[in-house]
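Knowing the structure of chain D, use the given hints to seat chain B on it.
Listed in order, the protein sequences are those of chains D and B.
The first sequence: position 319 = 319 (the numbering used here), numbered continuously.
The second sequence: position 131 = 131 (the numbering used here), numbered continuously.
Each hint should be verified, as a subset may be incorrect.
Derived EDC-like pairs: lysine to aspartate or glutamate, alpha-carbon spacing no greater than 20 Å straight-line [what the hints assert, rightly or not]:
id, chain 1, residue 1, chain 2, residue 2
1, B, Lys-356, D, Glu-110
2, B, Lys-444, D, Glu-438
3, D, Lys-466, D, Glu-214
4, B, Lys-356, D, Glu-223
5, B, Lys-91, B, Glu-72
Computed footprint of chain B on chain D, listed as stretches where at least three residues anywhere in the stretch have a Cβ under 8 Å from a Cβ of chain B [stated by the list, open to error]:
id, segment
6, 60-67
7, 432-442
8, 456-469
What the hints contain is simulated information worked out from the structure, not anything from laboratory work.
Even for Gly, the Cβ is constructed at its ideal location relative to N, Cα and C.
Number of protein chains: 2
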Amino acid sequence: MPKSDSKDLDVKNISFINDIKSIVVIGPSKKREYFFLKNHAEYFKGPVYAVHPTVDEIPGFDKNNIFHTIQEIPDIVDFAFIAVPPSQILKIIDDCVKKKVKLVTVFTSEFSDSGTEEGIALEKELLKRAQNKLRILGPNGLGIYYPKLGIAWRPGFPTIPGDIGFIAQSGGICNIAIYGASALGINFSKVFSFGNGADLDFVDLLYFLSKDKETKIILCYLEGIKEGRIDDLKQVLEQNKKPIIVLKGGQSETGSIAAKTHTASISGDNRLWEAFLRQFNIINVDSLEQLLYTARLIDFYGCFELNNLAVFSISGGYGVILVDLLEKAGMNIPPFSSDVQDKLKSKFFLPGTSSKNPLDLAAQFFFGNNVYEIIDLALSDKKIDGLILDMPSFYLKPVFNSKDNQDFEANMIESLNLGHKHNKPLIPIIQRLNNPEERERISKKLIERKVPVFGDPLEFIPLLSKITNYKKRINHSKLNL
Amino acid sequence: MPKSDSKDLDVKNISFINDIKSIVVIGPSKKREYFFLKNHAEYFKGPVYAVHPTVDEIPGFDKNNIFHTIQEIPDIVDFAFIAVPPSQILKIIDDCVKKKVKLVTVFTSEFSDSGTEEGIALEKELLKRAQNKLRILGPNGLGIYYPKLGIAWRPGFPTIPGDIGFIAQSGGICNIAIYGASALGINFSKVFSFGNGADLDFVDLLYFLSKDKETKIILCYLEGIKEGRIDDLKQVLEQNKKPIIVLKGGQSETGSIAAKTHTASISGDNRLWEAFLRQFNIINVDSLEQLLYTARLIDFYGCFELNNLAVFSISGGYGVILVDLLEKAGMNIPPFSSDVQDKLKSKFFLPGTSSKNPLDLAAQFFFGNNVYEIIDLALSDKKIDGLILDMPSFYLKPVFNSKDNQDFEANMIESLNLGHKHNKPLIPIIQRLNNPEERERISKKLIERKVPVFGDPLEFIPLLSKITNYKKRINHSKLNL
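Next comes chain D alone, as it looks inside the complex (with noise of 0.2 Å):
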């Protein structure tokens, strides 16, 4: 199989994925009541087949679609998951060598994830039989999920393609990023689950998203990087143009980054791998949390800078508190420009309320029926880059909806909307606090017009500086070429 094109970059190509035709699963478990194999095939949009030694019959699955050998299979396959036990692994994979297969998911664990010399041992023969004819994502992981195309592992996962990528180790986090995103109103374009990385690793995989046409946020969880592959690493992260988020677990690890960044005059792996991400511009989250959050704020409102906020509360101790903690996080809340600010003050009449910046709305939010008036003013002022907002979620109950403010929910939400006219980050925050149902209910309109609501202020602030700071430094690579 070739390399890439790059002389020096030694990654390895596997832009075949995005036109694999035909899956095989090899090994389904009757125990685990034919997990992968339902999974795989409920989703895959073309046809799937299942390889047992011994089975002939699986409820649910077509008869003609079980073979004892990959080799009986008479069309072409180019993608198969493997979850046979480590005893038969180099079997399976020789066959699958034959019959051309492209690349492979080993989700069989026990190689060198067991810390055993046969285990390792095992591994190397695993890519030894491979011949790099094959590509493998695992052993030990759960290997692509890619809703375009149908592939996913596990029930339940969404089927609508989305443009963040995101490179995991861990299958587990990978589950848990899968299922959230939905709730959160992202999509993903393509999700690997690498484990013990034993041929495609975090730098191909991430050379291969840079890449992806199908793929504009990259999302990382890393929780180590083979010292022997820094420098590919560096040539992969100087190439790439888009935004790359970055969890790192396991502090002890970034060792292997720090062997290689070593200067002088820093000390301490942390601020090693700290200098690392920023000379390549990489953004640095703290959770999973984090960075589901940084990539759905990316993918409604690209990559903004966001330097003077409007605020805007309907409880006056709420809108200080907000302010504190954006001016805290390095951002400006100023005085809106003087035309906008008289055309603002014409727009307040209940005694109570601040048509300033924070701007207190108090009970005119219920009764004004002028709050999209207002908020267009706010984001129409040029010295204003976006808009954050807070409402109690108590407030959403319907006694609020009187008579005269039927419309109350629907003008709200078309309200919170108006980040999108006007290309500036809108961010409402309705509070968690308490009323959770109708919360929900109103965070689903929301999110199905791609407006990002939080719960709580600390939630998402960090992250909004986190993607200044990126942007800025794009701004500033610009000047300089």
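For chain B alone, coordinates are given in the frame of chain D:
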């Protein structure tokens, strides 16, 4: 009315609040559908009267309890909620003084909050007319929520009394906290919204709560302290024995504290404010959510000191992330003691699991039937101060409750309750990323058992260090006595 007995300390005595036996709402508004009257009448356990100069009938309210002036009420009245226009307020206060009302809430605004000379003068006059014979909450405040007696200013306020006190100027902040608390499983002893604080101010109310037998934990949302009250505040804090958690809004107003605690070596308001908090061992938080979450942790588990934690994960990767976050926050995830480790090892039988700290249960969580024993063992380790557990919410779907695991949910809930058996905090994260309905259902069951379930690790991990530091300083000062 007598001042407090402490000779130098200038605080007002409001201990009579615990014995309020009758209420009047003065100025019930037809336009607002008698909102405040209805709310007070709904919950209060003693007689509630209405005073309005022209109204004789109010739907659903006993006609015999409506009077044109407070003087006409034949019984003693302890507490008045006043919502009349500013032009009428002085006359009403005179009447209340004559009637020997002990406490009034002045909801009316447009006093010093208006920023006008008239408003400021009216507030001064208000205080003068009260003649120190009645105590005022407000003006521009919502007064007191006191569930034990049934004093509540809004519909749907929880009726169960708890032992958490809360002080805020802002009524909006109080509303969010009060509605939010019941969903979190916590309850308030008393909540004060003191508005402009013309009479009763932050220092008076803090003193009251610090002595109040019904209050064990004190929460404050604080925008500023009058400079003339700093010495009294310090005295109140010196006497105080209860945990105080403060959310400071409006950083610029820290100047008033700064002026009193200034030393040449420290510069910057925030640093002075932080030094002040440290001096009096006050827990400082960044958001209203953190304020309530911290209260909940202390309410459910007492003030704890977490140095060494066990982590119990179902996805190895998520466990690694938790370890990183906890260690960054200053806690350790040490190996178990060797006897505990030996016993734990015997409980793990599936490949891909780990019996070491962090524990990785993987699929054994569902098939093992020994989660209870494993958590029980981990918490029995004398080295271990508490346990953090993660569970992806998609695992809560009934599909995972197979025939072998009909008791799965009941077992899980009993297992997550083990913190109380060992008197060590056990904090479960049921990841919020998806499956809100199941999450909500399980969370309610846990909260009933005083298990503080969270949805995102960053919601509570910073709070663990704050509580730990509070407890360490308490222990330290005891040692020094």
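Status of the hints after comparison with the structure:
no. : hint                    : in the structure
1   : B/Lys-356 <-> D/Glu-110 : holds, 18 Å
2   : B/Lys-444 <-> D/Glu-438 : holds, 17 Å
3   : D/Lys-466 <-> D/Glu-214 : violated, 24 Å
4   : B/Lys-356 <-> D/Glu-223 : holds, 18 Å
5   : B/Lys-91 <-> B/Glu-72   : holds, 15 Å
6   : 60-67                   : violated (count 0)
7   : 432-442                 : holds (count 6)
8   : 456-469                 : holds (count 4)
Violated hints for the displayed structure, listed by number in ascending order: 3, 6.
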